[in-house]
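In order, the protein sequences belong to chains A and B. This note's numbering numbers the first residue of the first sequence as -18 and each following residue consecutively. This note's numbering numbers the first residue of the second sequence as 30 and each following residue consecutively.
Hints were generated in silico from the structure; no laboratory data involved. None of the values given here were measured: they were computed from a predicted structure. The beta-carbon is built from N, C-alpha and C at its ideal position, and this holds for glycine as well. One thing to keep in mind: the hints can contain errors.
[Stated by the list, open to error] In silico contact screen, one side only, chain B against chain A (beta carbon under 7 Å); selected entries:
1. ALA59
2. LEU112
3. ALA131
4. MET137
5. MET138
6. TYR150
7. LEU165
8. LEU286
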Amino acid sequence: MTDVALPAPAPTASVDRERLTAFGFALPSFLILAGLFALPLVLLLGVSVIGPDGLTFVNYRRLFGTAFYLGVIWNSLRLGVLTTLITLAISYPASFALARARGAVRSVLLATLFLPLAASVIVKAFAWTILLRSDGVVNATLIALGIIEDPIRMIFTETALVVGAVNIFLPFMILPIYAVVAQLDPRYAEAAATLGASPVTAFCRVIVPLTLPGVIAGVALVFSLSVSAYVVPTLLIGEKYPTLATTIAKAYLLAREPGFGAAAGVVLLTIAIIVVALSARLGREPA
Amino acid sequence: MTRFAVVFSWVMAIALALFLLAPLAVIAAASFSPTPVFDLPLTGASLRWYGRIARLDGFWPSLWLSLQIALLSTMLSLVCGTLAAIAITRGKLPGAGVFATALVSPLMMPGLVLGIALLQYFRAIGFTATWSALLLAHLVVTLPYVARTMIAGLARFDFTLVEAARTLGCTYPGGVLRVMVPVLAPSFLIAGLFSFLASFDNYPVSIFLADVRTKTLPIRMLQYIEEAPDPTLAALSTLILLGTVVLLFISDRAVGLHRMAGTAD
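Construct all of the structure, not just a fragment, from the sequences and the given hints.
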């Protein structure tokens, strides 16, 4: 009995010490997260519902009760959905080529993903304003190809906005999909074929479910980034297309309406939280 | 894959690569424009816009500020994030999974909302030091990048290696420094690179915390574009781009870009 019971206290003490060390290691990050992220967001929620005479929902009524601000929310969601769908449609097939590439070709392709990712959003949006001007490169090319006769107005249109947003957020879609596709065992597709599945069936019932985690991660990331984009709409479409993000900036930087800006911020935050929660849930379910 | 699928995916990949590079190529081309408007294709080449960068209003203080904030927030995040990642991956921390999710969550949150939340918060507690406010805010921006990469890196690290070093006579900190840090060097490099770029390029958080005299480079650049866009800005962007190419090239040599794509998910 004794020689079985004796070693027991020692591990307990060392487990306690290890746990204490773990707490100590986690503490600085915990403090940053609690003090500079969670607490400010709670305060923001407070600012959005507290007026000069106590609790008020006037800011939310203004957001959800006026046609203009409902349009603003719609604009944000529309930008998010369009950007997500188009980036997905481009990234999904492209990631398979990327996953098959080897050596120098792979390095070059990956560099074309990382370079724009590392370049400033402001720089890229600025480049699109040059590209899409009526005397810009895109118009000149279309005219030279005989597709159009006169330059079409592209900058400050929704097309410009979506093209710019797709361009800027594409790497965030393809990287998570690529990470999953690159680890896909080609034998799964072969096994499906051996078992008599047509290429289409094999794709729908084997490849798609296996790559779904990457798709979900990419969709969640691109949607939450594009729904709250600020620089892209500011430079590529401007006042014509107010979004929640531009409304927040205006409320704080120009109109000095922190309560209203905070309410718009809470709405945007809620959208982001729903997307994250949904993606976490979908990601966990067995494919 | 069928032949059609292979060809289709290659066409999409090449189109995607060209589409992604288009704005960068345009910026580089416009920076050599001989005229103040962006006439493309170029009718000649000139380097005069590069000479004007230094004379942009408020350029040097903004560059210096952005470098300071990006470097300091990256270093602090590397330390805090790595310690947290060790606590999480060693499995001795109660609620490690929830903590890991929480640590990465600011990545998915709209930057603009974090910006106004911090603005309100700093006002409420009477914290008015702009420089320090920017640094603290950028800690929240950079920490998730470090935490994500280091948790992924440490999950594959064999901690018994540190024990082995101790058995062979190393002290615990010595074991960490001489065994763990070299093994995890690629993760550190990736985490540091992403974190530095996230801070250096940040606009939505900084804009609410900056003041007239303390403006980061992205704020200054957007201001130049809105006030008087001329090829000087393209020249500046090209130089920043070149710096990034060098950073990426070094990372590719040291780690391999495909590894960065994997761990940076």
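Comparing the hints with the structure gives:
1. ALA59: Check passed: Cβ of ALA59/B comes within 6 Å of chain A, closer than 7 Å.
2. LEU112: With a minimum Cβ separation of about 4 Å from chain A (threshold 7 Å), the hint on LEU112/B holds.
3. ALA131: With Cβ-Cβ at 6 Å, under 7 Å, it holds.
4. MET137: Holds, because the Cβ-Cβ distance from MET137/B to chain A comes to roughly 5 Å (cut-off 7 Å).
5. MET138: At about 5 Å, which falls below the 7 Å cut-off, the nearest Cβ of chain A leaves the hint on MET138/B intact, so it holds.
6. TYR150: holds (4 Å)
7. LEU165: holds (6 Å)
8. LEU286: holds (4 Å)
Every hint, counting from the list given before, is met by this structure.
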